[in-house]
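Using the sequences and the hints given, assemble the complete structure.
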Amino acid sequence: MDPSIAKRDIGLMLFIIAACIAVLVESWDLPPGTFEPLGSGPVPQAIAFVIIGLCLIILLRALITLARHAAPTKTEEQLALEAEAAASGFHARPWSAVAVLAFSGLYVGILYLGLFGFGVVTTVFLLFIILFLLGAAPVRAFLSLITSFDRAHWPAAKPAVIAIVISVVMGFGCEFIFTEVFYVDLPTG
Amino acid sequence: MAPLLEGFAHVLTPVPFLLVLLGTFLGILGGAIPGITGAMIIALTLPLTFNMDPGNALSLLIGMYVGAISGGLITATLMRMPGTPAAVMTTFDGYPMARSGRPGRALGLGIAASFVGGIISWVFLVLVSEPLSVLATRFGPFEYFTLVVMAMVLIASVSQGSMVKGLLSGALGMLIAMPGVDPAAGGFPRLTWDVLYLNGGLGLLPVLIGVFAVSQLIADIVDIERKVERTKFSTKGILMSLKDWKDQAWNMIRSSVIGTWIGILPGIGANIGSIVAYTTAKNMSKTPEKFGTGYDGGIVASESANNATVGGALIPLIAMGIPGSVIDAILIGALMIHAIQPGPTLFINNPEIVYAMISACLLANLLMYGIMTSSVGKISQLMFVPRAYVLPPILVFCVIGAFALNNLFFDVWVMLGFGVFGYFLERSKVPLGPFVIGFVLAPIAEAKLRSGLMMTAGDFSPIFTRPLPLIFVLISIMLLVWPFYQQWRQSRKG
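Chains as they are written, first to last, in the numbering used here: chain A, 1 to 189; chain B, 1 to 494.
In short, the hints are calculated from the structure, not lab data. In this text the structure is predicted, and so the values were computed from the model without any measurement. Just so it is clear, CB atoms sit at the ideal spot from N, CA and C, and this is done for glycine as well. Just to be clear, a hint being listed does not mean it is correct.
Pairwise CB distance ranges (calculated) [claimed, not checked]:
hint: 1; chain 1: A; residue 1: 188; chain 2: B; residue 2: 351; range: 39 to 47 angstroms
hint: 2; chain 1: A; residue 1: 148; chain 2: B; residue 2: 51; range: 37 to 45 angstroms
hint: 3; chain 1: B; residue 1: 18; chain 2: A; residue 2: 185; range: 25 to 33 angstroms
hint: 4; chain 1: A; residue 1: 14; chain 2: B; residue 2: 51; range: 38 to 46 angstroms
hint: 5; chain 1: B; residue 1: 51; chain 2: A; residue 2: 146; range: 50 to 58 angstroms
Below, in silico cross-link-like pairs of lysine-lysine (DSS-like), each with a Cα-Cα straight-line distance of 30 angstroms or less [as the list claims (entries may be wrong)]:
hint: 6; chain 1: B; residue 1: 282; chain 2: B; residue 2: 243
hint: 7; chain 1: A; residue 1: 158; chain 2: B; residue 2: 232
hint: 8; chain 1: B; residue 1: 290; chain 2: B; residue 2: 243
hint: 9; chain 1: B; residue 1: 378; chain 2: B; residue 2: 232
hint: 10; chain 1: B; residue 1: 290; chain 2: B; residue 2: 236
hint: 11; chain 1: B; residue 1: 378; chain 2: A; residue 2: 158
hint: 12; chain 1: B; residue 1: 493; chain 2: B; residue 2: 429
hint: 13; chain 1: B; residue 1: 378; chain 2: B; residue 2: 429
hint: 14; chain 1: B; residue 1: 429; chain 2: A; residue 2: 7
Laid out in structure tokens, this is it:
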């Protein structure tokens, strides 16, 4: 097993075991069945025990793998990623994913509170996320374009303009289609 | 025969026809755009079908299913990046052929093979599903329970990577299905932690969208800077010559039959079908050394088989209510959302829906061939749209999709939570297929077990005394023990 996966396994398995213990505690006092002998509790309990058993096997394997690779050598996956990064300039962006998830949480929270309508909030959210993923250069170029009216900035600013168009069309388009055609009760603000 | 013709008459009317056409087209686009999978696009479309006639909704989704499996070959051939996992084997020969200046021919072979695979599996779908459903109506609760257990073990044992992780994934899916009011216990809530929203259980859609769409989006954002290799496109050779048809006929038929039968096995999807067919074609070839170098036979074997699994996987879904693949698990969800009970009685209670699905499958294959041969050049341009434009709108669709069923923000939080959980499962190489299939099958398995125990006053012995449950249990044990036995034999030899 790849040591980097072994490390990930340990964290994930501990989380799953904790969740299963919570399930076992919650299901322990469920009453027995009225019409059949099993009742509500045994099936989730049995599944939770199976999961804990499987997690322990995976944990054990992960620990053995890490013990065998005690010296912090680079894994095949890390080496492959480094080679790819060197060849193509590719770098994984895990913090971008964390940021997008955080913004998504904020977006859903604002929709839940009903501060603004779906179309407005979605347009702003989309614009923000697309520009965030595109990076700073298109935004800077767009700001230069609208302040200096210099057409030389247009090629670099074009992605930002596309982002604005997509955001407005998707935000208000979705609001119209889902409320008027598919009768989804989207928040109106 | 008459109900089948009625099914055709239905799907050839304007609305169902347009829905199958739209579904197939969107499926091809989804398959062709890296980072969008068939399961993702179908899960996201499901909320749009709430107000549709169930037959039309299923026709749309089946069109997408066929399209998504087929569309994956475009990216596999032109970018060496399979648009769907089912097209992994196509990259081995499709990309080298495209790189050698014959992209049109590589795509042409793949499209024709996909079409033949789809048609052959459709013939099996028509011939096998009704007799199998008649057989399944004789199943008692213990037969059904042990069949579901066998399906779960089978899914876990053949899913990619470690079998223990496959089993873990299936068991996690089953556990997630447990919260909610238990109808068999007089409406008593279980595993709800006094959260009222959990009384109805975790919704199928929020879990599906989270696990398949949001987790994929997270992975795509992490890799957003990854550059892809691409080849120039030309349509030369997009239509196969008569000589090619003759040369590849046996390979197409054999791979399609392999794909169909692998598709029938519960939970085993198109990727396994294409791997087995490719390996078989290579082993039976007079020139096995040519495989992997841009060889016609490799593309044909992989593409016939992966499309054939679509029809094959629909057989257990229609006949027994057991999903043949992850996408079939979503289709079962679609049936349930429309208050249709999947299972052997589907042929009796809702024959019009069954035949609409079967007819839509054939129509989708015909439309797929037409769309792919005529517009593959334009579709291939979409592969290069920057993902920064594509991913955020999909995230918005995910939010709407999770919200739409019950108009509850709780479902949106559930979706985001399962998206993160699914991402970490994937990072640990825990396959997601068994998770979703376990989630769909667990309530069925529990209900059957408990109704069986009600009939026998708590006696478990029919599981071991009746022939079919015993066979299913023995197969399950064999599937569980076999990999360990093989490992033990290899270590002894070593």
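Cross-check of the supplied hints:
no., hint, verdict
1, 188/A with 351/B: 39 to 47 angstroms, "holds, 42 angstroms"
2, 148/A with 51/B: 37 to 45 angstroms, "violated, 50 angstroms"
3, 18/B with 185/A: 25 to 33 angstroms, "holds, 27 angstroms"
4, 14/A with 51/B: 38 to 46 angstroms, "holds, 44 angstroms"
5, 51/B with 146/A: 50 to 58 angstroms, "violated, 43 angstroms"
6, 282/B with 243/B, "holds, 20 angstroms"
7, 158/A with 232/B, "holds, 25 angstroms"
8, 290/B with 243/B, "holds, 19 angstroms"
9, 378/B with 232/B, "holds, 13 angstroms"
10, 290/B with 236/B, "holds, 22 angstroms"
11, 378/B with 158/A, "holds, 22 angstroms"
12, 493/B with 429/B, "holds, 29 angstroms"
13, 378/B with 429/B, "violated, 35 angstroms"
14, 429/B with 7/A, "holds, 12 angstroms"
Figure legend: structure checked against the earlier numbered hints; hints not met, in rising order: 2, 5 and 13.
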